[in-house]
Every structure is written in C-alpha cells, then in structure tokens.
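J.: Fit chain B to the known structure of chain A by using the hints.
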Amino acid sequence: MKLEDFGMDTITLAGPIEAKLEAMREAGFTQVMLSARDLVDHPNGEKAAIEAVRRSGLRVTGLQVLRDFEGLSGPLHSYKVDVAKSMLQLARDVGAPLVLACSSTSAHATGNFDAQVADLRKLAMLAVPMGLRIAYEALSWGRVVDDLAAAWARVQAADRSNLGVAIDSFHMLARETPLGVLEELNPEKLFFVQLSDFMWSAPATPEERRETARHARVFPGEGAHSDTLSDMIRAIDALGYEGDISFEVFNDDYVQMPLPVVAQRARRSVQWITDHVSRRSLPVRRRVAG
Amino acid sequence: MDQENLPVPSNPLGLQAVEFIEYTTREPLALGALLQQFGFMPVARHRSREVMLYRQGPMNIIVDADPASVRESTRADAPAIAAVAFRVRDAAFAHRRALELGAWDMPTRAAAMELNIPGIHGVGDSLIYFVERHEGLTIYDVDFIPIAASDPAPPALAGLHWFGLVQAVQSDRAADWIDFYRTLLGFEPLRRGQYFGVLPKGTLLASPDGGFYFQLVEPPPGADFVEWNETLLRVGLGAPDVMAAVRALQARGIVFVDREPVRPSDKGALTQIYLGGFCVELVVSATPTPALRVAS
Numbered sequence: 031m032k033l034e035d036f037g038m039d040t041i042t043l044a045g046p047i048e049a050k051l052e053a054m055r056e057a058g059f060t061q062v063m064l065s066a067r068d069l070v071d072h073p074n075g076e077k078a079a080i081e082a083v084r085r086s087g088l089r090v091t092g093l094q095v096l097r098d099f100e101g102l103s104g105p106l107h108s109y110k111v112d113v114a115k116s117m118l119q120l121a122r123d124v125g126a127p128l129v130l131a132c133s134s135t136s137a138h139a140t141g142n143f144d145a146q147v148a149d150l151r152k153l154a155m156l157a158v159p160m161g162l163r164i165a166y167e168a169l170s171w172g173r174v175v176d177d178l179a180a181a182w183a184r185v186q187a188a189d190r191s192n193l194g195v196a197i198d199s200f201h202m203l204a205r206e207t208p209l210g211v212l213e214e215l216n217p218e219k220l221f222f223v224q225l226s227d228f229m230w231s232a233p234a235t236p237e238e239r240r241e242t243a244r245h246a247r248v249f250p251g252e253g254a255h256s257d258t259l260s261d262m263i264r265a266i267d268a269l270g271y272e273g274d275i276s277f278e279v280f281n282d283d284y285v286q287m288p289l290p291v292v293a294q295r296a297r298r299s300v301q302w303i304t305d306h307v308s309r310r311s312l313p314v315r316r317r318v319a320g
Numbered sequence: 106m107d108q109e110n111l112p113v114p115s116n117p118l119g120l121q122a123v124e125f126i127e128y129t130t131r132e133p134l135a136l137g138a139l140l141q142q143f144g145f146m147p148v149a150r151h152r153s154r155e156v157m158l159y160r161q162g163p164m165n166i167i168v169d170a171d172p173a174s175v176r177e178s179t180r181a182d183a184p185a186i187a188a189v190a191f192r193v194r195d196a197a198f199a200h201r202r203a204l205e206l207g208a209w210d211m212p213t214r215a216a217a218m219e220l221n222i223p224g225i226h227g228v229g230d231s232l233i234y235f236v237e238r239h240e241g242l243t244i245y246d247v248d249f250i251p252i253a254a255s256d257p258a259p260p261a262l263a264g265l266h267w268f269g270l271v272q273a274v275q276s277d278r279a280a281d282w283i284d285f286y287r288t289l290l291g292f293e294p295l296r297r298g299q300y301f302g303v304l305p306k307g308t309l310l311a312s313p314d315g316g317f318y319f320q321l322v323e324p325p326p327g328a329d330f331v332e333w334n335e336t337l338l339r340v341g342l343g344a345p346d347v348m349a350a351v352r353a354l355q356a357r358g359i360v361f362v363d364r365e366p367v368r369p370s371d372k373g374a375l376t377q378i379y380l381g382g383f384c385v386e387l388v389v390s391a392t393p394t395p396a397l398r399v400a401s
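In order, the protein sequence lines correspond to chains A and B.
Numbered by this note's numbering, the letters in the first sequence go through residues 31 to 320 in order.
Numbered by this note's numbering, the letters in the second sequence go through residues 106 to 401 in order.
The hints are simulated quantities; they were obtained by calculation from the structure and are not laboratory data.
Quick reminder that beta carbons are idealized off the backbone N, C-alpha and C, glycines included.
Any given hint could be a false lead.
[Stated by the list, open to error] Taking beta-carbon pairs under 8 Å as the criterion, some of the chain A residues facing chain B (in silico):
1) P46
2) A49
3) S116
4) K152
5) L153
6) M155
7) V158
Chain A on its own, in the form it takes in the complex (with noise of 0.2 Å):
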C-alpha cells in the first residue's frame, strides 16, 4: 500500500470543499471521496463545487452516500429511486466513478431477501447508463443488513457486474465482526474500503454505535483496535484488493480543527499503516516480457 491508494473523505474536515480539497492536496493526497452534501452545500450551488473539484486536480474515488434505497415499496420506494437518480446524475456530473449506497435503517423497509435483491439490482442498473459502480456497506446499526457477511450475501445474489460490497472497518470493529467472513468475499467484488477507528470499546447497541460513528471516530492508528484493525488491513490486503483506501472520520473535534492539522493526522495514519502492513509498498516484480 502506498500514499496513492489513500484518500480522504470530505466529511472529516470542516469549512468550505475549495479549502477541503486544497488541505488534502497540501498533505499529499491524490484522491478525494466526495460527500454529496459537501457538494449541494456550496454557496454558488453544486455547479461551483464540481468546478473547484476539477481545478484541485484531486481524483475523485467516488461520491456518498445513497441512504435507505433497499426494501421500500409504493410511493416511498418511487420517492428513493428519484433519490438515487439525482446522487448519481451529481456522480456522474463530479466525474466520480462510484456511489456508496448504505444499508437501509428504514423501519418502513422490508427485511425480505428477494426484495432486496431486486432493490440493489434495480439501483445497479439504474447506474449502467451513467457508467457507475455501486458499492452496498452494511451500516452497523442497520435495520437488517448489519454487516459485512449480510450485504455480501445480497450483493452474490444480485449478481451484476457493476454493484459490488463496501467495508467500513468502524462498522466491523463496532461489531466485532471475525475477519473470517473477508475470506468469503470474491476479492473482485470489494468495490471501496473505508478506514477509521475509536478510541472505546465496541459499543452494545445500535444506537451507541451510530452515536459513536458520527461523532466520535479517528484516524487508523489513533485508536482504540490497533492491533484488530491492522490484522484487518492485512487481511483486505492479502485478498488482493488494489481499489482505493479512503479515510471516513466522522469527529466533532476535527471538524473544529484547522484543516492542515486533521489533514496531517490523516498523513500520519497513512504512514502507520504501510509501517504496518506493508505488502503492496514493497516493490512489485515486474514479468520480463518475451
């Protein structure tokens, strides 16, 4: 893993994207995941944001986040697909190649497998024509699909080419989900990784653990799970995944802090993990053709 795999959410830091990006920049980073509200938030409208994100010159990994699309129906599951519609007309419009679609905490949502199924497909095929992937993550407070093994099953049933899982490891380390269900996965379908911590133990329940993502997450290695999250990054690293790494903390100190600060601890993050698991930083042996 290298400096280029990582990028930043927007989420993290506060003030306005121009200065969001320009502090990412200044760290070092390549790419940013965009949040669409960071984009629609702009006071000359998403039109100005799109253009800022273009002269930053940073590549965008994908935009986030589609909420509660899977197991609606009526008027309530129309309403959500003109949702869907408008996130990734504003994906394709940033030049963002993927849209994180989160699972649903919907009371009004059906926990039927087959619904689901239809529901993430239809989501898929809504993004062909955009030319968009969709990465499905299990929230930990999700109302049925929790975690990873969950949205994974979804996602093999599914079975389209363009909609794959994202891991959040907050979600995993909230959860303590075994690392063995990574082994399940077909290594192809990791779309997107999402990396944070916290510095308490996992929390009981589904609302502590949304209380605690949202306000209370840090960097990997400022943490709490060290040891469990660099045995997950090795794990995520050893089935092969080469797609983008990105740093989703949500933390109410950050967003008080100036931006080269956080940006810098995000640095430093990146620099423990490849002191930790160091893999893909090693040089890769290039096959001599002929």
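T.: The following block gives chain B in isolation, referenced to the frame of chain A:
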C-alpha cells in the same frame, strides 16, 4: 451463476425486430443523399418537423434534423445514431417493465415522433424505443406524409437487412452493458470467440430471436490517449452475399476500406467514414424470411 438460473424468460418482451434506427444530423440533405447511395429511399416526411423517413426492404431509417433533437446530441457535427426502436408485443408493457428494472425513462425532449412511443435511455445520448405494429397501420402513418410518386416499399439492394449495432464501451464495462441488454431486452451474450464480419473483437449479444446483435467494443489496450466515449458507433447490415452487396454499393459510389484486416471479403466489409462519423459495416447473413419479419 448459470444462465439457466437467471429468472429471465428468453424473450420477455416478445421482441421481434428493429422497427427503425434514428440518426440526428445538422445536415439532413447530405445524410439523405448518402443514404440514397446506400439504397435507402425517401418515402415520407414528417408532418411538422424536419424529419424524414428512408426505407430499403425491411429497414427504416429516420433522419432527425429537428433543432431540438440535434441540440441534444453531443456529436452534433457528425450524424449520430440517436435511437433504435424495437418491435415488441406490447410497447406499454415493455416500457413499464424496463422502468421497474431500473431503466431511465426517455428524457422529455422533442422526439422524432409525435405519436407517443415509449422509450428509455440507452448508451450515451441515445434512446431505445418500444414499438408495436398492428395490422394495416404503422407508426409512420400518424406522423408522416408519404412523398408523392415515391415507392412506399423500395426493395433492398442485394438482400440487405438489419444485422446489428456496434457500441463503444469504456474499459471493463462490457459486463455492465451485458447486464443492461440481458435484463431489459432479453439479449444474451454469445460465447467468446464467436464472431461475424471483418472486425472480430469485443462482445457480441444476440436478440432473443437471434435476428439482431449488439457488438460491445472496449478501447484497444494501450489506447489511453484515444478519446473513447460510450456511444453507438455504426450500424451493421446483413448481406447474404457480401461481395455482391459490395459491388452493388460500389456501383452507387460507396467506398469500402480496402486494406487488411478489414478488406472486403465473404465475411464482411467496412465502408469509409462519411460526413465525419457515418459508416456502415456489412456482415454475411442470410436474408430473414418475410414470415419472421412481419410476424406480430
């Protein structure tokens, strides 16, 4: 997953054939003259818009020069394949089903036809229409006025008929488009290595009745510098005797690329590029029987 396990009936839409292919262009006279060289004759003009219907044997081409349509096209300087219309058993059903499965509804643009033909987004800016054909009445009867003294059923040159469409896809995107055409239209990929014509590359998908193909072509390796937009590149016309068709078209002034690997042969041929982006591929293919073409 085995194909047999997919819960997709072999021909869920009753899809039979291509009803028409639509081009947009800023230069309808130039494209019309070129189509006539290819054997397509003008048979009708639109009642209110700058849209013409050309016909040859079983093939209909709509040339749409309506300013609203042309503006929508990103390749506006060259003629662009703007739509393909498939004849299906029940157009409303086909449309509804496609939307339920995640197709994008046709954008609210000025379509070539005023008749309410349902459609969905295809690749790039193109559309896919669903059309029904009823006894004694065609979709053209509503929107078009026949051109006086023209043959409403001009015969095909050398047995030419629709064979397929060639579509550019981005690297590693062929599988996504296979999902698209398989799910929405019931097309199935042919096994790797099964090709027709002079350009054996990419992925071929066959319509449920085997009468029409999409060929998905990814950029060649190492072509990072080439601009490669996902779009419909060209039509393929079937010819029972390719060399006879080549000679018939050459006699009308059409020029074929005459160098390997696409030199005209019994398998196929490729015309030069006209008008900055229009070319046609010939592929050896037996003429479909009339019974198949007009079955409803």
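J.: Compare the structure with each hint and give your call.
T.: Hint check:
no., hint, verdict
1, P46, "violated, 32 Å"
2, A49, "violated, 32 Å"
3, S116, "violated, 12 Å"
4, K152, "holds, 4 Å"
5, L153, "holds, 7 Å"
6, M155, "holds, 3 Å"
7, V158, "holds, 5 Å"
Violated hints for the displayed structure, listed by number in ascending order: 1, 2 and 3.
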